[in-house]
Amino acid sequence: MANLLETMGLDPHSNSTTELHKVAKDMDSGEIMDLMREVERLSSENAMLRVEVESLQVKKQSFLEERAEIVKLIAAEINSPLPENEADGLNGASFYLFLFYFRACSSLRVHDAHAARVAHAHPQAHPARVREQRGSREAHEE
Amino acid sequence: MSALLELLDIDPHSNSNAELHKKAAELDASDIVALVRKLELLACENEALRAENERLRMVEAEFERLARQIRLVCARHSANRARLTRMSKN
Numbered sequence: 051m052a053n054l055l056e057t058m059g060l061d062p063h064s065n066s067t068t069e070l071h072k073v074a075k076d077m078d079s080g081e082i083m084d085l086m087r088e089v090e091r092l093s094s095e096n097a098m099l100r101v102e103v104e105s106l107q108v109k110k111q112s113f114l115e116e117r118a119e120i121v122k123l124i125a126a127e128i129n130s131p132l133p134e135n136e137a138d139g140l141n142g143a144s145f146y147l148f149l150f151y152f153r154a155c156s157s158l159r160v161h162d163a164h165a166a167r168v169a170h171a172h173p174q175a176h177p178a179r180v181r182e183q184r185g186s187r188e189a190h191e192e
Numbered sequence: 012m013s014a015l016l017e018l019l020d021i022d023p024h025s026n027s028n029a030e031l032h033k034k035a036a037e038l039d040a041s042d043i044v045a046l047v048r049k050l051e052l053l054a055c056e057n058e059a060l061r062a063e064n065e066r067l068r069m070v071e072a073e074f075e076r077l078a079r080q081i082r083l084v085c086a087r088h089s090a091n092r093a094r095l096t097r098m099s100k101n
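Residue numbers (our numbering), protein chains in the order written: chain A, 51 to 192; chain B, 12 to 101.
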């Protein structure tokens, strides 16, 4: 509840309209002026906060777009053809990049079906798959 | 200015104290109750907006932190790629 209302003994949530009317009738012009000034102050603050929220939301939107761009770049990097002996190092690096991407998703607390789709489409980025590839290559060399 | 104050023809910025006192004395109980309700509504709304601002600022900070880390990893990745390409040529 607003501080001013508390000091005036007013609580719009628990006081009934009749009770509020009774208190309002007993108010002097000084108290009413305090109410007016407080309404004005809170209105200005409200407008300012709305502008701030709006600008932060615009920023968040641009971050999301940037994130989508990063995902595309990572996907392109993972899909780029590599000579056989480069595979291990690059798969490791790609997986590392993916880790950051997933942490970005969770920090936003956004259910991102797109992330799951990208991960599914590029299973070679998963360390188990990297280990499996390495194992089969070593077995082949032996 | 608040729409309610505008409706009541009250402007705390341009009206003098004497004018405001006069207008305040003319308000009936319903107007005052409306002011009380408006005040409470604004206080709740402002609290919610402050919480939303804080949440968005945390998201912003987290994004900036991740962007720094991604840039770092990308730089490392590029260096690795160049090194591996050199190795494969040799």
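Treat the hints with care, since some could be wrong.
As the list claims (entries may be wrong) - These stretches of chain B come out as covered by chain A in the derived footprint (C-beta under 8 angstroms, 3 or more residues):
hint, stretch
1, 48-54
2, 62-74
As the list claims (entries may be wrong) - Straight-line alpha carbon distances no greater than 16 angstroms define the calculated EDC-like cross-link-like pairs of lysine to aspartate or glutamate that follow:
hint, chain 1, residue 1, chain 2, residue 2
3, B, Lys49, A, Glu115
4, A, Lys75, B, Asp22
5, B, Lys34, A, Glu115
6, B, Lys49, A, Glu127
7, B, Lys33, A, Asp61
8, B, Lys33, B, Asp22
Hint data in this document are derived by calculation from the structure and do not stem from the laboratory.
Glycine residues also receive a C-beta, built at the ideal position from the N, C-alpha and C atoms.
Verification of the supplied hints:
{"no.": "1", "hint": "48-54", "verdict": "holds (count 6)"}
{"no.": "2", "hint": "62-74", "verdict": "holds (count 8)"}
{"no.": "3", "hint": "B:Lys49 / A:Glu115", "verdict": "violated (38 angstroms)"}
{"no.": "4", "hint": "A:Lys75 / B:Asp22", "verdict": "violated (22 angstroms)"}
{"no.": "5", "hint": "B:Lys34 / A:Glu115", "verdict": "violated (52 angstroms)"}
{"no.": "6", "hint": "B:Lys49 / A:Glu127", "verdict": "violated (56 angstroms)"}
{"no.": "7", "hint": "B:Lys33 / A:Asp61", "verdict": "violated (26 angstroms)"}
{"no.": "8", "hint": "B:Lys33 / B:Asp22", "verdict": "holds (13 angstroms)"}
In this structure, the earlier hints numbered 3, 4, 5, 6, 7 are contradicted, and the remaining ones agree with it.
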